[in-house]
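Please work from the sequences and hints to get the whole structure.
The residues making up each chain are set out below.
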Amino acid sequence: MPEVIAWVLVLAVAAYACAGGTDYGAGFWDLLAGGAERGERPRRLIDHAMGPVWEVNNVWLIFVLVVMWTGFPTLFQAVFGALWLPLALAAVGLVLRGAGFALRKPARRLAQRRVYGAVFALSSLVTPFFLGAALGGIASGRVAVGTTASADAWANPTSVIAGLLAVAAAAFLGAVSLCSDARRFGADDLVGYFRRRALIALGALVVLALIGLPVTHSDARHVWEGLTGGIGLLLVLSAAVSAFATAALLLRRTYRWSRWTAVASVALTVFAWGFAQRPYVLPTSLTVAEAAGAPHTLWWLVIVTVVAIVLIGPALVLLYWMDTHGELESLTDADTQAGRAPGDTQ
Amino acid sequence: MHTTAALMADAAAPPQLLPARQLMAFTLASHILLVPFGVALPFITLLMHHRGLRRGDEVALRLARRWSAVMAVQFAIGVVTGTVLSFEFGLLWPGMMGRWGDVFGLGFGIEAWAFFLEAVLIAIYLYGWRRLKPWTHFWLGVPLPLTALLGAFGIIAANSWMNTPQGFTLDAAGRPVDVNVRQAVFTPMFGPEYWHFTVAMFLTAGYAVAGVYAVGRLRGRRDRYHRLGFTVPFTVAAILTPIQFVLGDSIARSVFHKQPIKFAATEIVWKTDTHVPEYIFGRLHSDGTVSGGLKIPQLDSILAGFRPSTRVTGLSSVPPENRPTATQATIVHWAFDIMVTIGSLLILLALWYAWCWWRHRDVPCSRWFYRCAAASGVACLVTVECGWITTEVGRQPWIVYQHMRVSEAVTATRAGSLWTMLAIVVVVYVAIFAAFLAVLLKMRTRWRIADASASPAAVSQAPEADTPYGPRGERLPTAAGAAPGEGNDRTPGGAS
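These protein sequence lines map, in sequence, to chains C and E. The letter at position 155 of the first sequence is residue 199 when you use the working numbering, and the numbering goes up by one with no holes. The letter at position 41 of the second sequence is residue 783 when you use the working numbering, and the numbering goes up by one with no holes.
No wet-lab data here; the hints were simulated from the structure. It is possible that some hints are incorrect.
[Stated by the list, open to error] Simulated restraints, written as ranges between beta carbons of each label pair:
hint : chain 1 : residue 1 : chain 2 : residue 2 : range
1    : C       : Ser262    : E       : Ala1154   : 23 to 33 angstroms
2    : E       : Ala1154   : C       : Ile255    : 28 to 38 angstroms
3    : C       : Val346    : E       : Thr1016   : 44 to 54 angstroms
4    : E       : Gln908    : C       : Thr298    : 56 to 66 angstroms
5    : E       : Ala1157   : C       : Ala284    : 38 to 48 angstroms
6    : E       : Ala1157   : C       : Gly247    : 42 to 52 angstroms
[Claimed, not checked] Simulated pairs of lysine to any residue, SDA-like, Cα-Cα distance not exceeding 25 angstroms:
hint : chain 1 : residue 1 : chain 2 : residue 2
7    : C       : Lys149    : E       : Val1170
8    : E       : Lys1013   : E       : Pro1050
9    : C       : Lys149    : C       : Leu166
10   : C       : Lys149    : E       : Arg1186
11   : E       : Lys875    : C       : Ala359
12   : C       : Lys149    : E       : Ser772
13   : E       : Lys1184   : C       : Ser374
14   : C       : Lys149    : E       : Leu1179
15   : E       : Lys1184   : E       : Val1120
16   : E       : Lys1184   : E       : Arg963
17   : C       : Lys149    : E       : Arg873
18   : E       : Lys1037   : E       : Phe1048
19   : C       : Lys149    : E       : Val954
20   : E       : Lys1037   : E       : Thr1083
21   : E       : Lys1184   : C       : Asp388
22   : E       : Lys1184   : C       : Ala162
23   : E       : Lys875    : C       : Val361
24   : E       : Lys1037   : E       : Arg1025
25   : E       : Lys1184   : E       : His773
26   : E       : Lys1037   : E       : Pro1019
27   : E       : Lys1184   : E       : Gly962
28   : C       : Lys149    : E       : Phe1178
29   : E       : Lys875    : C       : Thr368
[Claimed, not checked] Covered stretches of chain E, going by a simulated chain C footprint (3 or more residues, C-beta under 8 angstroms):
hint : region
30   : 833-845
31   : 862-869
32   : 913-924
33   : 1059-1068
34   : 1178-1192
Glycine included, C-beta positions come from ideal geometry on N, C-alpha and C.
Written out as structure tokens, the structure is:
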């Protein structure tokens, strides 16, 4: 039973990495979109694409935390004890990201939009880095039960690589996704714009992965071996194939499947990490079985998960279907019959 | 709220306890202000929406759309401030989650899924105005209040468990074993807390929304728009007010039975006794004396057990380290009394409204009524804070009532880091809430400008493409000149 819950946890992390990652990536490109005039159209697209779904995507993170503290209370305690600072900063980043994004939309003055946009975009860069760094700290075995908070737990080679990988993966997902969004919103000039950026992000990912291999070899031994042999290796290779398939699709300018191959590459990577950590939740000090909570609770957690899949699955499919079929659009000033206040610039 | 003085008595308190509590108190106090709207604004908006569709009422639809625009921002701020709270369980109280996570954490699991549904449905509702068929759009929004109630179920299950923990036995090492989830979810305090909380949310949202239009009326805007914007939410709140009074009375009695020490704190009862007097306000000192306040003989015993001979447990019945300090008790007592006072005044306001409706089939026309109605929204938010202070401070020094102290649950992180984090969080939250308020006020200004300048006829002749429920228009507003693509591989994708 603990094994099953551990996989539920990995699944939730993968879902957050894909769904949330895409939103962080959009924020990343918002940051690099340039001045108000040059960046106007990409930013408009990002607003348009993220608007209806980012709050839903964020719920995956809450689910990760809930499964962690209900299914593996000791793990939860150990992780938050040792990785206090990166997780605290990630939490602050989450707030700023969401608030900046939500407040930018109704703002009608350029100066205000700039401030909110900057907050949104910067925290979209910082948050995935710290979350990635926290995962790196766990993967490299720096977190054990009773470890107190220290810089070493997250400011180490593996953590830095993991943090940068998280940012690059988010940028990759975001660009691929915005590429498809640009097509379906009829902003064809932005398709090439984001296609270029997707390829650059993929390049960065490859470079980081190549740097990461020797760096993490001795630093995160257990996970490194898990990723370079057996099922872990198989998953890593499939992730690589998916990533290169994405690149091939982008290069051939066929966008029907590119979003899905990109998502698959990230999800497969997360699953590879899950396999590589076996049998530990905290390599190499705490196993899944040792960390598991009360058996009765785990059963209930499975029931909750199954009910949820039955309930949430269709709802999610409906939302994404409606979103991708252009059924969802935010209310405009004309809908709410709003006038122009003095000082409004747009 | 947890105050500096409140901690003085806890001599063994580690230095990081104070900033940890302040941080939790501050973030929760901020988030809880948004909760009524997260839970109940969709319901009130749906009522208005239904009216608009049913009667083809353009004004009602305009109100519903504008409330949706507000909801879009408010929900986002609520989402992020709520996510912080999940993090804080680990950042501030890892000791509690590490030991008890598998006992009471499941409630949050239900909440997470309820929240998933809510986020999906609210996205569809908020973004569905333009393209969906009117009634399809409405019906897709209808489950929203239910998901909100389910979400509250999870949160309250967890909080009531902290107040009356059960569903486990302790082994020799003091760790919980034999977890029974059903018992851990449905604890003695769950029912009273749940109904009191959810009704409070609907009530508060109703009064707060109505208050906005009460202010408009006081400023001379007496059109149908303001009348409708006032009547619908105010009626919801007015109906719930007497219900809440009964529920509030019932939860107080549940506390008396299940958490006698907390009850003693809310009523500043020092010595266990019969014929206990009721103090309205007043201050408890650490020697057990009470200064100030209005003393009503026998009343506390009567309220607790309907008889003057009812024995009420006093604070001094347990050792000082197992009960709230005198200062904490005073805080709890004041919070409770403020809540009860405001609740009683709201009953009078609701009766006033009911009377006018009964006699004249009309809303009251007295300016004083609208002054009170305008204040009722803010007053209700005060009661929400007070209710939360009563339940949280009244539980001190326990985080898990009589099983774990707050000081045992706190993180080992240095006090300095926590103080720094508190400072950062205060700055960030103040900025966000100020910006949120500014955005709302700006929206209001724009709407007011439009309503003032446009005659009703001109307003209804908005460009066809921009009319909600109208045909599809240009997708990306500034995509002017962008040629449509060839289309065959222009396709759906997943999350973005």
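We went through each hint and held it up to the structure:
1. C:Ser262 - E:Ala1154: 23 to 33 angstroms: Since the Cβ atoms of Ser262 (chain C) and Ala1154 (chain E) sit about 29 angstroms apart, the hinted range of 23 to 33 angstroms holds.
2. E:Ala1154 - C:Ile255: 28 to 38 angstroms: holds (34 angstroms)
3. C:Val346 - E:Thr1016: 44 to 54 angstroms: With Cβ atoms ~51 angstroms apart, the hint holds.
4. E:Gln908 - C:Thr298: 56 to 66 angstroms: holds (59 angstroms)
5. E:Ala1157 - C:Ala284: 38 to 48 angstroms: Since Ala1157 (chain E) and Ala284 (chain C) have Cβ atoms about 47 angstroms apart, the given range 38 to 48 angstroms holds.
6. E:Ala1157 - C:Gly247: 42 to 52 angstroms: Between Ala1157 (chain E) and Gly247 (chain C), where Cβ atoms are some 45 angstroms apart, the hint holds.
7. C:Lys149 - E:Val1170: Holds, at about 19 angstroms.
8. E:Lys1013 - E:Pro1050: The given pair, whose Cα atoms are some 15 angstroms apart, holds under the 25 angstroms limit.
9. C:Lys149 - C:Leu166: holds (17 angstroms)
10. C:Lys149 - E:Arg1186: holds (15 angstroms)
11. E:Lys875 - C:Ala359: holds (18 angstroms)
12. C:Lys149 - E:Ser772: Measuring from Cα to Cα gives roughly 22 angstroms; hence the hint holds.
13. E:Lys1184 - C:Ser374: Given that 25 angstroms is the threshold and the Cα spacing comes to 18 angstroms, the pair holds.
14. C:Lys149 - E:Leu1179: Roughly 14 angstroms separates the two Cα atoms, so the pair holds.
15. E:Lys1184 - E:Val1120: Measuring from Cα to Cα gives roughly 20 angstroms; hence the hint holds.
16. E:Lys1184 - E:Arg963: holds (18 angstroms)
17. C:Lys149 - E:Arg873: Answer holds: Lys149 (chain C) to Arg873 (chain E) is near 20 angstroms, not above 25 angstroms.
18. E:Lys1037 - E:Phe1048: Roughly 18 angstroms separates the two Cα atoms, so the pair holds.
19. C:Lys149 - E:Val954: Status holds; Cα separation ~23 angstroms.
20. E:Lys1037 - E:Thr1083: At roughly 15 angstroms apart (the allowed maximum being 25 angstroms), Thr1083 (chain E) and Lys1037 (chain E) satisfy the hint.
21. E:Lys1184 - C:Asp388: Roughly 10 angstroms between the alpha carbons, so the hint for Lys1184 (chain E) and Asp388 (chain C) holds.
22. E:Lys1184 - C:Ala162: Holds. Lys1184 (chain E) to Ala162 (chain C) sits at ~21 angstroms (cutoff 25 angstroms).
23. E:Lys875 - C:Val361: holds (19 angstroms)
24. E:Lys1037 - E:Arg1025: Within the cut-off at roughly 11 angstroms; holds.
25. E:Lys1184 - E:His773: holds (22 angstroms)
26. E:Lys1037 - E:Pro1019: Given pair Lys1037 (chain E), Pro1019 (chain E) holds - Cα atoms ~6 angstroms apart, limit 25 angstroms.
27. E:Lys1184 - E:Gly962: The hint holds at about 20 angstroms.
28. C:Lys149 - E:Phe1178: holds (12 angstroms)
29. E:Lys875 - C:Thr368: Holds, at roughly 17 angstroms.
30. 833-845: Coverage by chain C holds for the region 833-845 of chain E (10 residues, Cβ < 8 angstroms).
31. 862-869: That given contact holds, which follows from 7 residues of the region 862-869 of chain E lying within Cβ reach (below 8 angstroms) of chain C.
32. 913-924: holds (count 6)
33. 1059-1068: The restraint on the region 1059-1068 of chain E is violated, since only 0 of its residues have a Cβ under 8 angstroms from chain C and three are required.
34. 1178-1192: holds (count 10)
Of the numbered hints given earlier, the model fails hint 33 alone.
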